[in-house]
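Here's the letter readout for the chains.
There are 4 protein chains.
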Amino acid sequence: MVPPLRLGMVGGGRGAFIGGVHRLCARMDGQYDLVAGALSSDPQRAKESGAELGLAPDRVYKSFAEMAAAEAKRSDGVEVVSIVTPNDSHHAIARAFLDRGIDVICDKPMTTTVADALDLVQTVRRTGLVFGVTHNYTGYPMVRQAREMVLAGELGTIRVVQVEYVQDWLTTKLEDTGQKQAAWRVDPARAGEGGCLGDIGTHAHNLAGFVTGLAVRELAADLSRFVPGRRLDDNVHMLLRFENGARGMLWSSQVAPGNENGLRLRVYGEKAGLEWSQEHPNQLRFAPVGQPPRMLSRGGPNLGVDAPRATRIPSGHPEGYLEAFANLYRDLAEQAALLVPTVEDGAEGVKFIHAAVESSAKNGGWVVLAP
Amino acid sequence: MVPPLRLGMVGGGRGAFIGGVHRLCARMDGQYDLVAGALSSDPQRAKESGAELGLAPDRVYKSFAEMAAAEAKRSDGVEVVSIVTPNDSHHAIARAFLDRGIDVICDKPMTTTVADALDLVQTVRRTGLVFGVTHNYTGYPMVRQAREMVLAGELGTIRVVQVEYVQDWLTTKLEDTGQKQAAWRVDPARAGEGGCLGDIGTHAHNLAGFVTGLAVRELAADLSRFVPGRRLDDNVHMLLRFENGARGMLWSSQVAPGNENGLRLRVYGEKAGLEWSQEHPNQLRFAPVGQPPRMLSRGGPNLGVDAPRATRIPSGHPEGYLEAFANLYRDLAEQAALLVPTVEDGAEGVKFIHAAVESSAKNGGWVVLAP
Amino acid sequence: MVPPLRLGMVGGGRGAFIGGVHRLCARMDGQYDLVAGALSSDPQRAKESGAELGLAPDRVYKSFAEMAAAEAKRSDGVEVVSIVTPNDSHHAIARAFLDRGIDVICDKPMTTTVADALDLVQTVRRTGLVFGVTHNYTGYPMVRQAREMVLAGELGTIRVVQVEYVQDWLTTKLEDTGQKQAAWRVDPARAGEGGCLGDIGTHAHNLAGFVTGLAVRELAADLSRFVPGRRLDDNVHMLLRFENGARGMLWSSQVAPGNENGLRLRVYGEKAGLEWSQEHPNQLRFAPVGQPPRMLSRGGPNLGVDAPRATRIPSGHPEGYLEAFANLYRDLAEQAALLVPTVEDGAEGVKFIHAAVESSAKNGGWVVLAP
Amino acid sequence: MVPPLRLGMVGGGRGAFIGGVHRLCARMDGQYDLVAGALSSDPQRAKESGAELGLAPDRVYKSFAEMAAAEAKRSDGVEVVSIVTPNDSHHAIARAFLDRGIDVICDKPMTTTVADALDLVQTVRRTGLVFGVTHNYTGYPMVRQAREMVLAGELGTIRVVQVEYVQDWLTTKLEDTGQKQAAWRVDPARAGEGGCLGDIGTHAHNLAGFVTGLAVRELAADLSRFVPGRRLDDNVHMLLRFENGARGMLWSSQVAPGNENGLRLRVYGEKAGLEWSQEHPNQLRFAPVGQPPRMLSRGGPNLGVDAPRATRIPSGHPEGYLEAFANLYRDLAEQAALLVPTVEDGAEGVKFIHAAVESSAKNGGWVVLAP
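Note that the protein sequences, when read in sequence, are chains S, C, V and R.
Residue numbers for the first sequence follow our numbering, beginning at 925 and rising by one.
Residue numbers for the second sequence follow our numbering, beginning at 925 and rising by one.
Residue numbers for the third sequence follow our numbering, beginning at 925 and rising by one.
Residue numbers for the fourth sequence follow our numbering, beginning at 925 and rising by one.
Please note that the accuracy of each hint is not assured.
Where chains are identical, the list cannot tell them apart; a pair therefore holds if satisfied intra-copy or between any two copies.
Cross-link-like lysine to any residue pairs, in silico, SDA-like; alpha carbons within 25 Å at most [unchecked claim]:
1) Lys1104 <-> Leu1075
2) Lys1286 <-> Val1038
3) Lys1104 <-> Glu1194
4) Lys997 <-> Thr1096
5) Lys1286 <-> Asp1040
6) Lys1195 <-> Ala1016
7) Lys1286 <-> Arg1141
8) Lys1195 <-> Gly1228
9) Lys1097 <-> Pro1212
10) Lys971 <-> Ala1039
11) Lys1286 <-> Gly1153
12) Lys1195 <-> Thr1096
13) Lys1275 <-> Asp1027
Derived from the structure by calculation, the hints contain no laboratory data.
Can you build the whole structure from these sequences, using the hints too?
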């Protein structure tokens, strides 16, 4: 048995959502031990959270800076750190650990400015460290199957890409009710320049690129703030043009009643179409031209190599969000991380956000995404 | 019993698709008798088609002009004519009959130019005749239910409108194989300036307006011709801005493998969302904020007045495309046609096509749809 | 053009459900003219109903007996009669017309006793007349496709057949509210010995046999009356054994809240499985062993000869209950009625009802269905 | 933080399926540490499996008997043991640990004879130890929601229960190919008297009872062996009568092509119906009489107390089989195990299997399930 990796966490204290997800996913395959944390900017909450998680008291830190410094000195210090704080702090935290030779798993969007994103790209290239960005939807087996089919040419040249990520939880002004998850996501100081755009639109953008292998060359965006007084966009409409001439649309919304977490991707090529929906993630619809559509199934027949590798249980026993997310942790632990979004992918996401804001500011004019 | 209306038809000879649909729909409720026709521009085909349909030989005409003139003179002449020819001929045919006091049921798009469309609007206003445009998807009971719910305020102010109409039958260059339906639809001389845009995009535009009661104020379009050598667009991507500030997207494609006739509408307001799909038309998903989504059903509970009026059989006994289409004929026969698309709606569709072509020509710049 | 058949109708006056369906279906393809009727046992209602339908006053009859006698004498008398009355009268009416050389289209269950059913079989064999029983679900294109696939051996030997027909409209004691459709269906004097069993269970039985080509050899039934005071069964549970050794289950209910008209068939063989649901009738799921399931579509690729013949419009333009029902009328008119349920099929249905009642009376013991 | 429970495992060595599932589920919430195992009856495999799992060499045992004896003597011995071996060994293993005061989590069916099952019931009652049976489908949040709704009377008196558990993996004679999972499941010496019946039919039976709170009073079963030469049933058809007068059907099959792991439950009462399907487990359809059906969602609105307690992430982020299974481990760790199937439930399952075999042996006669 390979000994588990020593994992640290920044953020993710009591009441946080995504921190708990990261911990569960790190634990799922027994490949990580959480041994240290700077779990909250509130010292009391940090201490209590550390105790709840069974961390040794001397490895429950008051700040990420203290943690990075202390852990780097220990022979049994953390080998990798998960950053699960609001967006505005990602860059500084990531630098603190990278600069001390510690690998990083970072939430998305990776940073709030393109400059910070490019700085992380440089840092990772210079240090040769591992840096994974949790565009976690790439961990779904059938998403990887879709990617493999596109790359194998089963769709022929891609023509049309429709992607959407739609929720309803911000239909009312939830941020005024004290709901913590809502509050920071609509606050430009913490979330950055994108609201819905940065929170979920960037996942949609990443997913489209992951599956098709195509970069968005230019985009035209129309961002809206439908809820009166909201400080960031809560609906994103976007036209996309991909590098190979394919065209697409991206819709992202947090004000669409009846949509819980509706990430959906549809890709159409000369030879076939693929459709996938996150809320029923174990199926992938494959429609070759002139033939009846087939429903591919996680664990079922006619799959390639990537989906089976990302699967734990047989077909018909549904895997979900946590298993998909955990696949990123597993891949990183096994250094088989070719499919885990990289610091470059993270930077693409930040550029995407910036370009969309720019486009919308000039009334939806096309903005080129520099390579 | 009210005696059936005397119906004539222009176009719809042997081998045509939509002409047969019109005849079946006219016959469905026993309210029309087909008594005359100029069924084909090919005299031999016209004659044979008339015989097949049991028309009296003297009422099988060689041209619509001859038919309009002759029928207008008969005391038992046609009371209403259905125009089911390619788009370029609609205007002249409609004028020929309107000018002789005969009501018109006209296929969409209504004309190939905005000027012609406005001319028909003027003519109808001047004559006071009935003019229905077969944006037939408005005939679905659950579409009418959706409209009624929006108008009753059950969604609150509308914020987001997503509409798409997606097919795959032109994924390959079908027009080169002699397929008649394909050939004229991609020929600018017969179809007008829109391909996919005019053939089905205009239905999507009409449906969004019908249900929401909102006009598109401006649009930004990106039209593509993916199949090499195709002469008109086969994929339409569009951003929409509605008169009340709502935003939307319209996607229409005929090159999306795995999509047969995928007309789908999703409308989101402050208070609730609605989702409807033409391929399973008897259901309407209604999601009020903070409550579990409900599946309304044609013939089922909690409906308004319009859906039950447009229904022939109980819930669970699926009605389809033909019943919905026939509802337009029935409404027109019963002069209860408040829900049948009018000449003004037809003109809106033509303006929409023109504006989209214009927007795309200027690289997706916004074009205002004049009221 | 072939002149339309002269059609008469017994039953189906004002307020009836299925009579209107028959008329619409007869009219759909222009192959029948309704010219005579004994539309109600109430003379005033009969007269008014006839007028509403535009029948000549002298062909609106007070009784089926009068109608049969009078029409048989006319040179332009009815060629075929539709019987759409409650079950107890089918036999006498059918005999009245058959004995005068008039073809019959009869609702199901064909009769209320096995003896009457066998009498009709004898009469039809003796006279050589056409006799169709409206087990109308056999008219769905994808049901015919399923049958063709089974017969072609695409499933291999059939092992398991699961069929169900489930509704909810009798969950409460609707018959006490004056609802006419409910009242006669739960009255043994009019419906016969089966309630839910005869009304819809017999459709399920017919469908299973139609698609698989296999007769039920024996059955074990557990009939229930869940609504207190109800006089006939409202829920049917049944084990089936087919002639080839296949096993099955049949569930039929009218007290299952949330089910509108849930007729569903699933057939499994050595080589593949098929699944079809009446509420979404344009799709047929085909799952060959070891391959991803395929969704066959009415009008789509990979179909045989029967489904396309039973189809009016392209794929994606949903056809429904009325088109399927009309296929029986069309087939009978075109004397291409090999797929229309016959008097022998009707008799099988009556035997099935009787056997199920007998089995349930002896606590679910097996009852052999005599061939 | 509560320290993790010390967990042992019997069975689950290399190549096993369900052992790995148990370990993952035990690890999911950080409440168990696997510290000892008798992982295989093959000593070499046991040793290697233990090493792979990181167990201390002195706690990797050659037999369960050795393990029970040794662990009982340690002050840090296992507190609870998971039994994940083929059915025939469950009883002896369970006794070995129970007799030494160690809690047990046991796979289903609990034993291969009713006598053994009753012996475990007695032993558990005598010792007061915790004994959980992994009828794991009870761990799904929406299954618990369904149960809570039934118990709260939202369906009124239950009338009809339809349950099925359908797979296709044994459509061919997989047991002859060396597939280990298949081999023991169709071997009466290891699986007991039920094949499909014991493997999955018993889950269906348990689920129906869990949700409705109703015991099956009597059953009539028709078991089949469709694959030639198979030694145990591969298809189960059954009529059910519940203690309150409700009727039901149970279908279980492993020879139904196109079904992966199709566990479905439908429950109908006087006031409403509920429908749930394991392959899309995050939704629960609730249909109150006279109202549109509602789709309840894990994490969504209008839920009771049990579903939210069994949930880790927000709605729309699908949870699956592993999370549901892990809920049993979590509940047992938290001694909040009121919803975890007990030794009595396990015994009910064994009686159910026996009664079904008996019924089928007497040609489907009713067999009373003794209380």
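Hint check results:
1. Lys1104 <-> Leu1075: For Lys1104 and Leu1075, neither the intra-copy (41 Å) nor the inter-copy (35 Å) Cα distance is at most 25 Å.
2. Lys1286 <-> Val1038: within (19 Å within a copy, 30 Å between copies)
3. Lys1104 <-> Glu1194: For Lys1104 and Glu1194, the Cα distance is within 25 Å only across copies (22 Å; inside one copy 46 Å).
4. Lys997 <-> Thr1096: neither (48 Å within a copy, 60 Å between copies)
5. Lys1286 <-> Asp1040: within (24 Å within a copy, 35 Å between copies)
6. Lys1195 <-> Ala1016: Neither way: Lys1195 and Ala1016 sit 46 Å apart in one copy and 41 Å across, limit 25 Å.
7. Lys1286 <-> Arg1141: both (18 Å within a copy, 18 Å between copies)
8. Lys1195 <-> Gly1228: both (18 Å within a copy, 24 Å between copies)
9. Lys1097 <-> Pro1212: between (44 Å within a copy, 16 Å between copies)
10. Lys971 <-> Ala1039: neither (34 Å within a copy, 54 Å between copies)
11. Lys1286 <-> Gly1153: within (21 Å within a copy, 34 Å between copies)
12. Lys1195 <-> Thr1096: between (43 Å within a copy, 9 Å between copies)
13. Lys1275 <-> Asp1027: within (23 Å within a copy, 55 Å between copies)
Figure legend: structure checked against the earlier numbered hints; hints not met, in rising order: 1, 4, 6, 10.
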